[in-house]
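There are 2 protein chains.
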Amino acid sequence: MRVTVHEVGPRDGLQNETVVLPLEAKLEFIESLVASGLTDIEVTSFVKPRWVPQLADAVELVKHLPDAPGVTWWALVPNRVGMERALEAGIPAIATFMSSSETHNKKNINRTIRESLAAQREVIATAVAEGLQVRAYLSTVFGCPYEGDVSPERVVALSQALLEAGAQTISLGDTTGMANPKQVRELLGLLDSSGIGPERFALHMHDTRGAALANVLAGLDCGVRIFDASVAGLGGCPYAPGASGNLATEDLVHVLQAMGWSTNATLEGVSDAGLVASELLGKELPGRYHRYHMGTCSKQGAQNAS
Amino acid sequence: MRVTVHEVGPRDGLQNETVVLPLEAKLEFIESLVASGLTDIEVTSFVKPRWVPQLADAVELVKHLPDAPGVTWWALVPNRVGMERALEAGIPAIATFMSSSETHNKKNINRTIRESLAAQREVIATAVAEGLQVRAYLSTVFGCPYEGDVSPERVVALSQALLEAGAQTISLGDTTGMANPKQVRELLGLLDSSGIGPERFALHMHDTRGAALANVLAGLDCGVRIFDASVAGLGGCPYAPGASGNLATEDLVHVLQAMGWSTNATLEGVSDAGLVASELLGKELPGRYHRYHMGTCSKQGAQNAS
Numbered sequence: 164m165r166v167t168v169h170e171v172g173p174r175d176g177l178q179n180e181t182v183v184l185p186l187e188a189k190l191e192f193i194e195s196l197v198a199s200g201l202t203d204i205e206v207t208s209f210v211k212p213r214w215v216p217q218l219a220d221a222v223e224l225v226k227h228l229p230d231a232p233g234v235t236w237w238a239l240v241p242n243r244v245g246m247e248r249a250l251e252a253g254i255p256a257i258a259t260f261m262s263s264s265e266t267h268n269k270k271n272i273n274r275t276i277r278e279s280l281a282a283q284r285e286v287i288a289t290a291v292a293e294g295l296q297v298r299a300y301l302s303t304v305f306g307c308p309y310e311g312d313v314s315p316e317r318v319v320a321l322s323q324a325l326l327e328a329g330a331q332t333i334s335l336g337d338t339t340g341m342a343n344p345k346q347v348r349e350l351l352g353l354l355d356s357s358g359i360g361p362e363r364f365a366l367h368m369h370d371t372r373g374a375a376l377a378n379v380l381a382g383l384d385c386g387v388r389i390f391d392a393s394v395a396g397l398g399g400c401p402y403a404p405g406a407s408g409n410l411a412t413e414d415l416v417h418v419l420q421a422m423g424w425s426t427n428a429t430l431e432g433v434s435d436a437g438l439v440a441s442e443l444l445g446k447e448l449p450g451r452y453h454r455y456h457m458g459t460c461s462k463q464g465a466q467n468a469s
Numbered sequence: 164m165r166v167t168v169h170e171v172g173p174r175d176g177l178q179n180e181t182v183v184l185p186l187e188a189k190l191e192f193i194e195s196l197v198a199s200g201l202t203d204i205e206v207t208s209f210v211k212p213r214w215v216p217q218l219a220d221a222v223e224l225v226k227h228l229p230d231a232p233g234v235t236w237w238a239l240v241p242n243r244v245g246m247e248r249a250l251e252a253g254i255p256a257i258a259t260f261m262s263s264s265e266t267h268n269k270k271n272i273n274r275t276i277r278e279s280l281a282a283q284r285e286v287i288a289t290a291v292a293e294g295l296q297v298r299a300y301l302s303t304v305f306g307c308p309y310e311g312d313v314s315p316e317r318v319v320a321l322s323q324a325l326l327e328a329g330a331q332t333i334s335l336g337d338t339t340g341m342a343n344p345k346q347v348r349e350l351l352g353l354l355d356s357s358g359i360g361p362e363r364f365a366l367h368m369h370d371t372r373g374a375a376l377a378n379v380l381a382g383l384d385c386g387v388r389i390f391d392a393s394v395a396g397l398g399g400c401p402y403a404p405g406a407s408g409n410l411a412t413e414d415l416v417h418v419l420q421a422m423g424w425s426t427n428a429t430l431e432g433v434s435d436a437g438l439v440a441s442e443l444l445g446k447e448l449p450g451r452y453h454r455y456h457m458g459t460c461s462k463q464g465a466q467n468a469s
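If you read the protein sequences in the order shown, they are chains A and B.
Per the numbering used here, residue 164 is the first one in the first sequence, and the count goes up by one each step.
Per the numbering used here, residue 164 is the first one in the second sequence, and the count goes up by one each step.
Errors might be hidden in some of the hints.
To give an idea of the interface, some chain A residues facing chain B are shown, with a C-beta separation under 8 angstroms as derived from the structure [what the hints assert, rightly or not]: (1) G294; (2) L295; (3) R348; (4) G373; (5) A374; (6) L376; (7) C385; (8) V418.
Below are the EDC-like pairs computed for lysine to aspartate or glutamate, each with C-alpha atoms no more than 20 angstroms apart in a straight line [unchecked claim]: (9) B:K345 x B:D312; (10) B:K269 x B:D230; (11) B:K446 x B:D435; (12) A:K226 x A:E293; (13) B:K345 x B:E293; (14) A:K345 x B:E447; (15) B:K446 x A:E447; (16) A:K211 x A:E251; (17) B:K345 x B:E327; (18) A:K269 x A:D312; (19) B:K345 x A:D384; (20) A:K446 x B:E447.
Don't read these hints as lab results, they were simulated from the structure.
No residue lacks a Cβ here, since even glycine has one placed at the ideal position from N, Cα and C.
Using the sequences and the hints given, assemble the complete structure.
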């Protein structure tokens with residue numbers, strides 16, 4: 164009865180914020196995440212600094228990460244050049260990424276799916292040879308903002324290919340929050356009946372349309388035990404101002420604990436980390452529990468619910 | 164495969180906003196809800212105007228409601244005096260309310276549960292004799308902000324009492340968003356095995372901790388077919404600034420339709436109504452789909468999701 168939260172706030176969260184945090188601020192944020200008990204923290208990305216200036220300090224950041232026994236640091240790696248920077252920095256675990264939609268992959272990575280898969284195979288082989296942990300993000304698996312429906316059979320085929328390439332886990336991404344719980348059950352069912360059980364998957368659900376938590380709980384029912392989230396729902400949707408990004412870690416941890424699951428983070432700890440993120444960025448963040456927590460912090464004892 | 168959304172924006176939404184909308188603005192908002200196809204709209208409350216100044220114009224509002232064939236107008240009625248005002252105004256459907264937690268009932272209504280139940284019986288009997296539809300809100304059934312856990316057996320007993328009194332539907336309220344899907348299934352299971360099937364219930368879930376949609380979908384699995392919601396998530400939590408109130412109608416309609424259910428509202432219609440509410444109140448509202456919709460409206464065609 165244990166669930167692992169894979170915290171993506173410092174990477175997927177910060178890369179979608181317009182404010183670029185200085186290294187010290189990032190480290191303060193990361194320290195607060197460690198204090199919450201989180202064991203898997205995705206801290207940065209080795210994509211071209213020009214593409215994501217928010218994370219341009221990736222090598223420097225990894226070199227300054229705190230000593231945190233039991234914590235696995237993750238970083239996004241797009242290609243061979245990124246892999247070289249990751250190895251130089253000394254990150255112990257990497258995440259590769261590609262899309263299951265041809266158009267989204269082309270627009271996001273400027274490659275065909277075939278080209279991406281070849282590049283992934285090379286990066287994953289290098290990482291495995293170096294003894295790194297590897298997860299592979301497969302995005303837009305529940306729908307593509309350009310193409311609409313994405314073939315579940317293609318998701319099966321790409322998942323098989325990425326596992327064969329050596330990835331230990333596939334993180335199925337609902338990149339623009341198009342999934343619904345019925346679809347989550349159907350896709351995981353198809354994957355399972357194709358020989359890829361839920362223990363090989365994480366779910367990376369965005370809350371663009373408000374269904375992220377419901378989708379995650381459908382995945383939980385199907386046996387998935389790793390879920391990606393960012394504290395306070397850090398990381399909006401770049402093309403819809405005000406829209407939500409990742410599922411908020413607090414909302415996830417709250418409901419899991421209420422349902423009797425144990426997690427790798429305390430609710431108090433991730434709530435505090437969400438406050439740290441909000442203060443460092445100087446803005447309100449969308450997570451529900453986060454906002455409730457902020458409200459009760461600022462008005463302790465004032466209760467007149469109706 | 165049909166679900167009824169009971170729209171509470173004009174009542175439960177507006178009563179928790181600090182801005183008091185003038186009558187004309189409320190009517191504009193209500194017209195937009197009617198245009199979406201919604202068939203059940205809770206428009207106001209006949210509590211003492213001093214308690215809820217936002218809805219002090221209840222009688223006037225009901226007299227000016229548009230001619231909308233197929234729409235049932237609902238209003239909250241707390242007691243005999245409120246019932247008299249409701250009859251004077253000519254509302255066709257009423258909602259009574261009480262809490263399943265002694266402390267919450269005392270703080271909210273200044274009565275014991277026993278006193279409330281006696282008052283409800285009288286109001287419901289009058290309403291039924293006048294040929295009105297009646298739903299009874301039973302709040303804090305999934306937890307009380309003062310007492311913590313609420314006995315499921317008490318919820319069974321109070322539901323039975325309210326149905327025997329003549330209420331046609333009980334709306335189970337998660338007043339401060341403390342519920343989780345496991346608990347929803349357990350409570351509805353207990354009610355069902357106590358002889359009160361899911362067709363007698365609506366769910367009224369607040370999104371304070373982000374679990375409202377997941378809780379509603381658990382109720383859907385258990386056979387509940389009426390869900391309360393407010394467009395754009397209108398209506399925050401009065402003691403936690405920034406915290407969410409009702410489940411957002413758009414988020415609910417989106418996921419229901421995506422899962423193949425038909426509803427009494429179009430997604431486009433409720434999205435437009437959410438924009439009307441946001442403009443009239445002059446503030447951002449918390450609904451996820453609402454914010455996504457706003458973003459895509461203001462930046463049509465600009466897509467670079469990653």
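The hints, checked one at a time:
1. G294: violated (29 angstroms)
2. L295: violated (23 angstroms)
3. R348: Since chain B brings no Cβ nearer than about 10 angstroms to A:R348, farther than 8 angstroms, the hint is violated.
4. G373: The hint holds - A:G373 has a Cβ within 8 angstroms of chain B, the shortest such distance being about 3 angstroms.
5. A374: holds (5 angstroms)
6. L376: holds (5 angstroms)
7. C385: It is violated, given that the least Cβ distance between A:C385 and chain B is near 14 angstroms, above 8 angstroms.
8. V418: holds (5 angstroms)
9. B:K345 x B:D312: Holds - the C-alpha atoms of B:D312 and B:K345 are around 14 angstroms apart, at most 20 angstroms.
10. B:K269 x B:D230: Violated, because 39 angstroms separates the two Cα atoms, which is more than 20 angstroms.
11. B:K446 x B:D435: Between B:K446 and B:D435 the Cα gap is close to 15 angstroms, so the pair holds against 20 angstroms.
12. A:K226 x A:E293: The hint holds at about 18 angstroms.
13. B:K345 x B:E293: violated (39 angstroms)
14. A:K345 x B:E447: violated (30 angstroms)
15. B:K446 x A:E447: At roughly 14 angstroms apart (the allowed maximum being 20 angstroms), A:E447 and B:K446 satisfy the hint.
16. A:K211 x A:E251: holds (15 angstroms)
17. B:K345 x B:E327: Violated, because 28 angstroms separates the two Cα atoms, which is more than 20 angstroms.
18. A:K269 x A:D312: holds (16 angstroms)
19. B:K345 x A:D384: Between B:K345 and A:D384 the Cα gap is close to 11 angstroms, so the pair holds against 20 angstroms.
20. A:K446 x B:E447: holds (14 angstroms)
Violated hints for the displayed structure, listed by number in ascending order: 1, 2, 3, 7, 10, 13, 14 and 17.
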